[in-house]
Amino acid sequence: MSSDNPTTHQLPKIDFSISDFNPGSPSWDLVRGDVVTALEEYGCFEAVCDQLVDGELHTSLFGAVKELFDLPEETKRGFTDPKRPYWGYVASLPFAPGYQVMGIEGALDSPAIQNFTGLMWPDGNAKFREIAQSYSSKAAELGKMVMRMILEGLQLPVEKYREDLIQKTGHLLRMTKYEAPKKGGTREVSGISHNDTGFVTVLRQDGSVNGLEIKAKDGQWIRATPSGSSFIVMLGDAIHGWSNGRLYSPVHRVVMSGTRARYSVILFSAMKGVIRCPGELVDEQHPLLFKPFEEIDLERLTRVLETEDGWESESTLRARYLV
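For the sequence shown, the UniProt record's numbering assigns the number 1 to the initial residue and increments by one for each residue that follows.
Don't take each hint at face value.
Ranges between beta-carbon positions, derived for each pair [unchecked claim]:
| id | residue 1 | residue 2 | range |
| --- | --- | --- | --- |
| 1 | L119 | Q51 | 44 to 50 Å |
| 2 | V282 | K66 | 43 to 49 Å |
| 3 | G24 | G63 | 35 to 41 Å |
| 4 | D50 | R223 | 18 to 24 Å |
| 5 | F21 | E73 | 43 to 49 Å |
| 6 | P94 | D70 | 21 to 27 Å |
| 7 | Q51 | E73 | 17 to 23 Å |
In the EDC-like style, the derived pairs of lysine to aspartate or glutamate whose C-alpha atoms are separated by at most 20 Å in a straight line are [said to hold, decoys possible]:
| id | residue 1 | residue 2 |
| --- | --- | --- |
| 8 | K138 | E46 |
| 9 | K66 | E130 |
| 10 | K144 | E46 |
| 11 | K66 | D123 |
| 12 | K168 | E294 |
| 13 | K66 | E56 |
| 14 | K182 | D70 |
| 15 | K217 | E312 |
| 16 | K138 | E56 |
| 17 | K272 | D297 |
| 18 | K168 | D109 |
| 19 | K217 | E46 |
| 20 | K13 | D54 |
| 21 | K291 | E280 |
| 22 | K13 | D34 |
| 23 | K291 | D164 |
| 24 | K138 | E105 |
| 25 | K177 | E105 |
| 26 | K76 | E179 |
| 27 | K144 | D109 |
| 28 | K217 | D109 |
| 29 | K13 | E46 |
| 30 | K291 | E314 |
Hints were generated in silico from the structure; no laboratory data involved.
Each residue gets a CB set at the ideal place from its N, CA and C atoms; glycine is no exception.
Please model the complete structure; the sequences and the hints are all you need to start from.
Structure, rendered in structure tokens:
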């Protein structure tokens, strides 16, 4: 059983708000080293990026998210896909009764958010669309920086892999709401402990309410406490498999306490098509760990299990694609 006691671990905090921050510069190389080390050890870090999302956009973003979740239940349920039950609007799950999520696939494609707002509001809500598009593009910019640092840090030729891993990735924007526990003084796990399935996850939360916890390799849970000007960057199983196990994909969960709801906005990136480990990462000392796979299958084949520690999702990558 993993421990729920306070941990001695601290989530790495890395400052991206540095002058002359361009690929090849000394400051870039310094940050890149910290990023790759954090992703190898924890699969996750806090990124300080004041220049990407200012206070005005942050406030507008979470005002818009709260407005969205305040819509009538019937309206929100109009954004569902029976063929993909965990996409679109999801709520009232047996293992997450106080959880709501709204996911927009193709968030960087111009019609996606516009089509979404047309379903939610009679007038389309141009303000929400502008805020969501602006935030998505900025979160994607951070994700692309991290992905380039990964390529460089693993000593892979950037131009060889840049097109597939940086330019051709798909994006899903998810907005979430976690209700406060019914008994305000208790700690309550909301949802399931799980690995993300994609490549790079960029998360922003309304800074007033924490709850995200990341499981370290030794089984201890690390409480993430990002500021209102920072992001949480996390890796999924797809990049763990692609990197031949070099980069870590952490199990994580949300534990709620107190009397206020928690809101977050998450941009997931995923590589389209079949994912294979680069040949440069395989040799006698590092034999191939995983068979080729598609990210969509990691999600589609995921099983949710009830354990003594609560609800957990099985890692499809490890369960089905080990060599």
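Hints and how they fare:
1. L119 / Q51: 44 to 50 Å: The hinted range 44 to 50 Å is violated for L119 and Q51, with Cβ atoms some 33 Å apart.
2. V282 / K66: 43 to 49 Å: Given range 43 to 49 Å: holds, Cβ gap about 47 Å.
3. G24 / G63: 35 to 41 Å: With a Cβ separation near 39 Å, G24 and G63 satisfy 35 to 41 Å, so the hint holds.
4. D50 / R223: 18 to 24 Å: Given a distance of about 23 Å, which is inside 18 to 24 Å, the answer is holds.
5. F21 / E73: 43 to 49 Å: Cβ of F21 to Cβ of E73: about 44 Å, so the range 43 to 49 Å holds.
6. P94 / D70: 21 to 27 Å: The hint (21 to 27 Å, Cβ to Cβ) holds, given that P94 and D70 are roughly 24 Å apart.
7. Q51 / E73: 17 to 23 Å: Check failed, 38 Å falls outside 17 to 23 Å.
8. K138 / E46: Cα-Cα ~16 Å, so holds.
9. K66 / E130: 16 Å, holds
10. K144 / E46: 16 Å, holds
11. K66 / D123: 18 Å, holds
12. K168 / E294: 14 Å, holds
13. K66 / E56: 16 Å, holds
14. K182 / D70: Holds, at roughly 19 Å.
15. K217 / E312: 16 Å, holds
16. K138 / E56: 14 Å, holds
17. K272 / D297: Measuring from Cα to Cα gives roughly 11 Å; hence the hint holds.
18. K168 / D109: Status holds; Cα separation ~12 Å.
19. K217 / E46: Measuring from Cα to Cα gives roughly 18 Å; hence the hint holds.
20. K13 / D54: Answer holds: K13 to D54 is near 19 Å, not above 20 Å.
21. K291 / E280: Judged against 20 Å, a Cα distance of about 16 Å means the pair holds.
22. K13 / D34: 9 Å, holds
23. K291 / D164: 18 Å, holds
24. K138 / E105: The hint holds at about 17 Å.
25. K177 / E105: Between K177 and E105 the Cα gap is close to 18 Å, so the pair holds against 20 Å.
26. K76 / E179: 17 Å, holds
27. K144 / D109: Cα-Cα ~16 Å, so holds.
28. K217 / D109: Cα-Cα ~36 Å, so violated.
29. K13 / E46: Between K13 and E46 the Cα gap is close to 5 Å, so the pair holds against 20 Å.
30. K291 / E314: Given pair K291, E314 holds - Cα atoms ~18 Å apart, limit 20 Å.
Comparing the model with each numbered hint stated earlier shows that hints 1, 7, 28 do not hold.
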